[in-house]
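Position chain G against the provided structure of chain S, taking the given hints into account.
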Amino acid sequence: MRKPVEQIEAATILFAGDSGDGSQSIGTQMTETTALIGNDVATLPDYPAEIRAPAGSLAGVSGFQLHFSSEQIHTPGDLCDVLVVMNPAALKVHLHKLKPNGILIANSDNFARRNLRLAGYEEDPLESDALTKYQVFRVELTQLTRKTLETTQLSTAEIDRCKNFFALGMILWLYNRPMEYTMKWIKAKFARKPQYIEPNILALRAGNAYCDMTEQFAVSYDVKPAPFEPGTYRNIEGNMATVLGLIAASHQSGLPLVYGSYPITPASDILHGLAKYRNFGVITMQMEDEIAAVGVAIGAAFSGALGVTGSSGPGLALKAEAINLAMIAELPIVVCNIQRAGPSTGMPTKTEQSDLLQMFYGRNGESPIPIVASSRPFDCFEAVYEACRIAVKYRTPVIFLSDLYIGMGAEPWKIPELSELPEIKPNFSTSADTNDEFEPYLRDPETLARPWAKPGTLGLEHRIGGLEKSDVTGHVSYDPENHEKMVEIRAEKVARIANDIPPTEIFGAQEGDILLLGWGGTFGAIRTAAENYVAEGLPIGHVHLRHLNPFPNDLADILKRFKKILIPELNSGQLLQLIRSTYLIDAIGINKVQGQPFHVFELHAKIDEILKEIEHF
Amino acid sequence: MKRKRTSRIPVGAPTLTRNDFKSDQDVRWCPSCGDYSILAQTQRVLPELGIPKENIVFISGIGCSSRFPYYMNTYGFHTIHGRAPTIASGVKMANPDLSVWVITGDGDALSIGGNHFIHLMRRNFDINVLLFNNRVYGLTKGQYSPTSERGQKMYQSAPIGSLDTPFNPLSLALASGATFVARSVDVHADHLRPMLKAAFEHKGTSFIEIYQNCHIFNDETFILQRKKEHKTDHTVLLEHGEPLVFGAEHDKGIRLNGFQPEVVDLTDGEHTIDDLIVHDQHAEDTTLANFLAGMSDTPDMPHPMGIFRSVQHPCYENLMTKQIRTATERMGEGDLNALLHDGETWMVS
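First to last, the protein sequences are chains S and G. Just so we're aligned, residue 1 is where the first sequence starts under this note's numbering, counting upward by one. Just so we're aligned, residue 618 is where the second sequence starts under this note's numbering, counting upward by one.
The shape of chain S in the complex, shown without the other chains:
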């Protein structure tokens, strides 16, 4: 008899185990399947910096959280409905994220004394009263997988590596999801090691059948597809969206893409992604250090290519001097900063948005540089494309900010039409542009951009460099008045980019009590909180800034329309400082610096507090 299916609106699942247990892999598969059947989905991979920390240790726990819904969602969820743990350490690290009465699936085979001790448990929590407020399912995942695969040719160690698919099979059953997409993926993944295809598929099926057969699981759940705008969709991670955005900018501008990089978490996936696309003419160069990586981008820009470099905070610190060279030389490069928790090496696999002031100010001298930030995984495509557009149009380095949370998080993306992409026109100077001496700092009167003259162009031979240069001619100059003038021109050029920024979109109330002002990867949590208050009819709005330097022209006016400006940030208040000093207003910060994204309830708590204050006045 078929077991009953319960309709629910949304679910949040967290897979956790040792780094080698394959939690990331089955999390990604569950995400793919869920997106393909039409739910909205958001993910949060959470893994340690160690590639393989000691087995069973708290330090080695790797997790993958996904939230899916029949409605539009913006975050990977605060608390989980289902927690799958492969060992006691995973339970210890993640139990606090499970909702009361939530489902806990534990691989009981791994709850032996040694693993319990490693996780700091005196006694087996599965046997004690510690978990009474949850629905606990003890599953002998290791033994069941071994029994399933005992007739295969695989060694026990190899068989044990299939147990994550047994677990995935269970979850697919629990949420009534088809197994076919995962099977297809397994076949592709192990195309060169075909001996692993059948066993992984067998484990997947066995996990599925186990739930169907065993009396433990009495009910399964279904989440209907979410309403999406018409279009063609795919699932995409932020770093991959960045890769596609860069290739699109290269393609649409006709400029060859040269990407210089040095390996660093969490930016390396952009290098890996781009390196696959040589057939798009993409040149990737893994350089000897961060400085060389930005150096090749600058050289490529001087030669007339789209020069791009990517890194994270520590790498940006090293690149600062070279970025400043591109600034004064007025060459178009794009610098991607996929932020992680600092300072110094900090927490390389945890998210944060604490490099904003570094990007604003972390260079010697007066050094204005445009900054564009992406707000969610798929937004990386548009935001990095916009960074390229600004760089080329205004002949300036542009910083593109992303972070680990959106860089590695995934969600469905409505694939844009190529015709929707803004134009990027290099407008190179030609030999015809000059009849006498070429003037490399003669500016466009509207944008203040200087000419871009490629080496190889007859008659435009010129010299540039890091020394202050004379207005118009570009010759080296120590003239005091000229220096001040050049400083002002460079600032004014960046300020004029605001003329390109479309009117700011305010979600919710257009004026009223509270404006939630955010930037970057906090979009999901802030928008979810805003939606909740707007649904209650409260006068709360949300503005999420893509352009951080310059700010949009209409921002000053928008800020005046609300009684309180609340700025949630995963730092100690960096946009907060900029807004307060730029607009002389008493904005309030909501700050979290734990290497973890906001929970929506954390925002609710602060917003409720402010609302109360407003009522009292």
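It is possible that some hints are incorrect.
As the list claims (entries may be wrong) - Cut-off 30 Å, straight-line C-alpha distance, at most; resulting in silico cross-link-like pairs (DSBU-like, lysine-lysine):
# : chain 1 : residue 1 : chain 2 : residue 2
1 : G       : K814      : S       : K454
2 : S       : K92       : S       : K606
3 : G       : K820      : S       : K454
4 : G       : K939      : S       : K189
5 : G       : K845      : S       : K276
6 : G       : K844      : S       : K425
7 : G       : K939      : S       : K276
Since the hints were made in silico from the structure, they are not lab data.
Leaving out everything else, chain G in the frame of chain S:
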């Protein structure tokens, strides 16, 4: 000789002269600086290379030598300290048709830019690197550099004497896999010009160390190799396939004694030319080149001048171009729309 990528001046076009390569900027090195001579020889050689001047790019870092691009009427980029190799790599990669020249000094290339220098050598871009070695930081007024001799007194930063062991730029370049390594002297115009030309003709990274005087902060450095009256006894000219003979009367030679170089007198009746080391600049093995490079570290040995090594290896930019070509043949020319729709997609209507 493989064809250079750098496009040639069309037949019949007016030939360029030295003056075509002079920029309108006043040259501002100290009077009698060795850099004047290097600049003049470069401006004399470039018209002989047969390439249009708009295809030539000079890129420098920071230091006295790095002002060089401002004085050349070509494309030029005066960048930041030590980083010229990285920017030159980007310039060359984005347009392999350009003739790219890096101008650097001992501090710029070997101290702050040491890492970039060795990696440039191993990548083997078709780039020419001229290192002006005056064994001192001139622009910052007289500190010891990575090529200053140990114990040497530098009145600013080593008043009692430098403690560092100096780098040998040629040994470093050879250890990094450089395919063309040469040495010349600022004021030996007739030697420097052919070296510049050979560096240009070599396909791959060409490295020339140029001994250079700093009249202000390290006057008379390399005096024995630079001055006419000394140089015949203190330098030995390297010629491919020729024995290592030197001296005013060609009366001395270098032979191998164990693993050490030894100066022998060819007039003493005991030694003949057949005892001497014969130079082979095309040897794939770097033992001989390393041995010759090490001679300048050995007291009382003449310093070899000329081409130490010149071998053909694939250039980075050509390998990259080949990867792009192969990938395009295999996967077809990139189709952006197809790329955006790559993988599993679904329609919502």
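Hint by hint, here is what the structure shows:
1. For the given pair, K814 of chain G sits about 25 Å from K454 of chain S by alpha-carbon distance, which is consistent with the 30 Å threshold.
2. Annotation: proposed proximity of K92 of chain S to K606 of chain S holds, straight-line Cα distance about 28 Å (limit 30 Å).
3. Restraint check: the Cα-Cα separation between K820 of chain G and K454 of chain S comes to about 23 Å, which is no more than 30 Å; the hinted pair holds.
4. Restraint check for K939 of chain G and K189 of chain S: the C-alpha separation of about 28 Å stays at or below 30 Å, so the hint holds.
5. Note on K845 of chain G and K276 of chain S: the hinted pairing is violated, with a Cα-Cα distance of about 58 Å set against a maximum of 30 Å.
6. Our distance criterion of 30 Å between C-alpha atoms is broken by K844 of chain G and K425 of chain S, whose separation comes to about 56 Å.
7. Restraint check for K939 of chain G and K276 of chain S: the C-alpha separation of about 15 Å stays at or below 30 Å, so the hint holds.
Checked against the numbered hints listed earlier, the structure breaks hints 5 and 6; every other hint is satisfied.
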